[in-house]
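Protein chains: 2
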Amino acid sequence: MFEFMTIRELYEAILSNQPMETDSIEYVELEGWVRTNRNSGKIGFIALNDGTYFRNAQIVYVKENLKNADEVAHISTGSSLHVTGKFKLTPGAKQPFEIEATAIEVEGACDEDYPLQKKRTSFEFLREIPHLRPRANSFYAMFRLRSVLSMAIHEFFQSQGFVYVHTPIITSNDGEGAGEMFRATTIDNTEFDKDFFGKEAFLTVTGQLHVEAFAMAFRDVYTFGPAFRAENSNTTRHASEFWMVEPEIAFADLEDDMDLIEDMVKYCIQYVLDNAPEEMKFFEQRIDHDCIKRITKVRDSHFARMTYSEAIEYLQKADVKFDNSNIYWGMDLNAEHERYICEQIVKGPVFLTDYPKEIKAFYMRLNDDGKTVAACDLLVPGIGELVGGSQREERYDVLEKIMDEKGMNKETLQWYMDLRRYGGCKHAGFGLGFDRLLMYLTGMGNIRDVEPFPRTPRNLKF
Amino acid sequence: MFEFMTIRELYEAILSNQPMETDSIEYVELEGWVRTNRNSGKIGFIALNDGTYFRNAQIVYVKENLKNADEVAHISTGSSLHVTGKFKLTPGAKQPFEIEATAIEVEGACDEDYPLQKKRTSFEFLREIPHLRPRANSFYAMFRLRSVLSMAIHEFFQSQGFVYVHTPIITSNDGEGAGEMFRATTIDNTEFDKDFFGKEAFLTVTGQLHVEAFAMAFRDVYTFGPAFRAENSNTTRHASEFWMVEPEIAFADLEDDMDLIEDMVKYCIQYVLDNAPEEMKFFEQRIDHDCIKRITKVRDSHFARMTYSEAIEYLQKADVKFDNSNIYWGMDLNAEHERYICEQIVKGPVFLTDYPKEIKAFYMRLNDDGKTVAACDLLVPGIGELVGGSQREERYDVLEKIMDEKGMNKETLQWYMDLRRYGGCKHAGFGLGFDRLLMYLTGMGNIRDVEPFPRTPRNLKF
Chain P
8 MFEFMTIREL
18 YEAILSNQPM
28 ETDSIEYVEL
38 EGWVRTNRNS
48 GKIGFIALND
58 GTYFRNAQIV
68 YVKENLKNAD
78 EVAHISTGSS
88 LHVTGKFKLT
98 PGAKQPFEIE
108 ATAIEVEGAC
118 DEDYPLQKKR
128 TSFEFLREIP
138 HLRPRANSFY
148 AMFRLRSVLS
158 MAIHEFFQSQ
168 GFVYVHTPII
178 TSNDGEGAGE
188 MFRATTIDNT
198 EFDKDFFGKE
208 AFLTVTGQLH
218 VEAFAMAFRD
228 VYTFGPAFRA
238 ENSNTTRHAS
248 EFWMVEPEIA
258 FADLEDDMDL
268 IEDMVKYCIQ
278 YVLDNAPEEM
288 KFFEQRIDHD
298 CIKRITKVRD
308 SHFARMTYSE
318 AIEYLQKADV
328 KFDNSNIYWG
338 MDLNAEHERY
348 ICEQIVKGPV
358 FLTDYPKEIK
368 AFYMRLNDDG
378 KTVAACDLLV
388 PGIGELVGGS
398 QREERYDVLE
408 KIMDEKGMNK
418 ETLQWYMDLR
428 RYGGCKHAGF
438 GLGFDRLLMY
448 LTGMGNIRDV
458 EPFPRTPRNL
468 KF
Chain A
8 MFEFMTIREL
18 YEAILSNQPM
28 ETDSIEYVEL
38 EGWVRTNRNS
48 GKIGFIALND
58 GTYFRNAQIV
68 YVKENLKNAD
78 EVAHISTGSS
88 LHVTGKFKLT
98 PGAKQPFEIE
108 ATAIEVEGAC
118 DEDYPLQKKR
128 TSFEFLREIP
138 HLRPRANSFY
148 AMFRLRSVLS
158 MAIHEFFQSQ
168 GFVYVHTPII
178 TSNDGEGAGE
188 MFRATTIDNT
198 EFDKDFFGKE
208 AFLTVTGQLH
218 VEAFAMAFRD
228 VYTFGPAFRA
238 ENSNTTRHAS
248 EFWMVEPEIA
258 FADLEDDMDL
268 IEDMVKYCIQ
278 YVLDNAPEEM
288 KFFEQRIDHD
298 CIKRITKVRD
308 SHFARMTYSE
318 AIEYLQKADV
328 KFDNSNIYWG
338 MDLNAEHERY
348 ICEQIVKGPV
358 FLTDYPKEIK
368 AFYMRLNDDG
378 KTVAACDLLV
388 PGIGELVGGS
398 QREERYDVLE
408 KIMDEKGMNK
418 ETLQWYMDLR
428 RYGGCKHAGF
438 GLGFDRLLMY
448 LTGMGNIRDV
458 EPFPRTPRNL
468 KF
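Protein sequences, first through last, are from chains P and A.
Under this note's numbering, the first residue of the first sequence is numbered 8, with each subsequent residue one higher.
Under this note's numbering, the first residue of the second sequence is numbered 8, with each subsequent residue one higher.
By construction, these hints were calculated from the structure, which means they are not laboratory data.
Pairs count within a copy or across copies, as identical chains cannot be separated in the list.
Straight-line alpha carbon distances no greater than 30 angstroms define the calculated BS3-like cross-link-like pairs of lysine-lysine that follow: (1) 417 with 206; (2) 433 with 468; (3) 433 with 74; (4) 408 with 468; (5) 417 with 468; (6) 300 with 288; (7) 354 with 367; (8) 304 with 288; (9) 70 with 101; (10) 433 with 93; (11) 95 with 433; (12) 433 with 70; (13) 468 with 413; (14) 328 with 300; (15) 367 with 468; (16) 273 with 300; (17) 74 with 49; (18) 324 with 378; (19) 206 with 367; (20) 408 with 206.
If we strip away everything but chain P, and leave its shape as in the complex, we get (with noise of 0.2 angstroms):
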């Protein structure tokens, strides 16, 4: 008899170490995609992948048990399989187990022009092709870890009771500074008045403002969805579609805030170490020899705080020239400032907290100096900012007075200003770019390589 099962459910058999698990099993069929095919006189392997796991089953077969024995040897890389066979255990190979192929029948051949023929392909190439890149090792382990992290997202906020809000994303916010902007339409000019909304309508570059509305009713809310920036750049660490996480929680200061950034981060780590071993393996091995090591030390550390006025103390003493080395107090820091505090200074994480008011965002709340604001940037070694967050201001004529300042239009945030009005209260939340974190954690240099069909300037496939 033959038991349909995946390559997941065999490997998790023989890993779980329980010698019953798989004596029971005798014949097998599975279904998947040939990574290689290799053959010589009577005898060949296939390395087959189903999208379960990782790792390949090795298929072995020899040519004189199947009926097809030429089609076989012939079949190409890519092609999808019916395969049944004898299970055996083969302690001390490189696979733990192989497939002595009793049938295999092609399902869909693939073509001679196959892009991912060859090993080693550049991660550029690969980039032209995202319908087919997910089959390419770094990729494969890519976006399976991308939708193990989502969930570790997902279940922290859940198990705490976050309510999780989808917040818009075409908004008539107009972003407030926080950079350029789509537009979303259905005319081909500008009049607005005319338009599908009556109004000009935009893609939203951050969903905190509508998230700040319900946390007034939820107390601790989290949204997880698309942001959008047409920033003209083109840079290895921004992309103009991008994911972003924002909790926000009430009745709380910037101290919760940042001991909610720290349970988080380490939450994740965790999490991706227990849920996808095999893949945190491949990017150790393949793209950052120093990815886990560094991760772990991460999840095993104290987060060290430090005002921004601290460490431009730091910076002023430093023995070390910057590129920009005109440091004052008022300036805002770059990447070699963050890592030289991070990676110089506290050696570990490291929030830095309290920047100067003209530095941040207006929602952020001013501290008693009249100075700075309420904001922390958490600082890790080897990438510098991994996530932003802030005590919000709560004060209606504070915040009035800095929108003021910053010659904001306050027409279309009245409604958030009376947020404000109407049982306000102290709260505070971040932002993390997913992506981001997602490099962190493995080493990628590139976004575009950590999104399943990335946008950037002039570039928009499919």
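Assemble the complex: chain P is given as a structure, and chain A must be docked to it using the hints.
Relative to chain P, chain A alone:
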């Protein structure tokens, strides 16, 4: 000693029926928002909600025990408070416990023009204030349910090894007749070669085509994210922005697809009954007396299966007067027809299958009869169509022929067609309108009332 607790923790301690749990609670500290405040003479009652649980905590205060008795007596609905007090079980009373306040501190007052003062406000009115309506009971229940149902979707698929794919929002696919689309642009005209992506870009109407590519690598995948329709029609069931769940399974046919749909719908029903019992009870009492009974029955039903052709025969023989009474093979069924089939003929959930190819999408697999395609629509009593799925056409030549018949632009979909040349296989999938499932579960009659910030023609609030 005062212990900080949430109202959910207090209710769960009581509902757990373990006397130990509540015996140890003496004095508690709560934070939350005032739903009502009434007092007369020496004593007063505040219904406090802290966002963690559907029900309120009753705060009892004796004026002479409070330092700020006069302030407390005048606290208005919507204000945010800190309350400390003695926890007291009240068996037999409407509330299972109350808090005898020792101190009540106002954190954020609520202005007199607060729009949620009145006990009953119309849904139409509340749609004008989406930033405040989550505090009104119906929306407080709805938006927690929305979060719970989102988690049901993720848990259902992830527990079975499905990979979650973030399919892109901005796409160059023009939707192939699935409806009007929004354009994403940074220019004021139609010179798309000068636009951000160097070509015309749209907001996605479906993630299916993209997710199919990932099914060819991971076998079982799903996408769950926003989709858009720029149709200028105002109905209670259409929004311009909505969330879709779109799974895709490889090495699977239409039967497997229907099994998956049935499992998913039943799982979601059980999940909300288990994880949002207070909210579902509210919908049963206030919105739709039949809702829990209806969905419980669906959970316990076997989902019937009937071909479109059989359904046409039943409709032709039907002893009722339809608004559209011109019944013929090849027609598109209206809601009245669908409801007749599932409510009068099957008396329960039913999959209609094998629709005429002319009325279905190009990617659905052509049956051997050459006239119908391997599609399925799940019809449920009370609403009609809930889910639509199909086996996909995996034969390159057949797909190409139907695309020609439908006059489609093959050039922009060559990548999709190529999936059939590179190890394609039998596969199937479906689309679930997440917002419509929420409407179905609760009996809420308007899609505007299940979305946090609904977007419809000429309506874009914040």
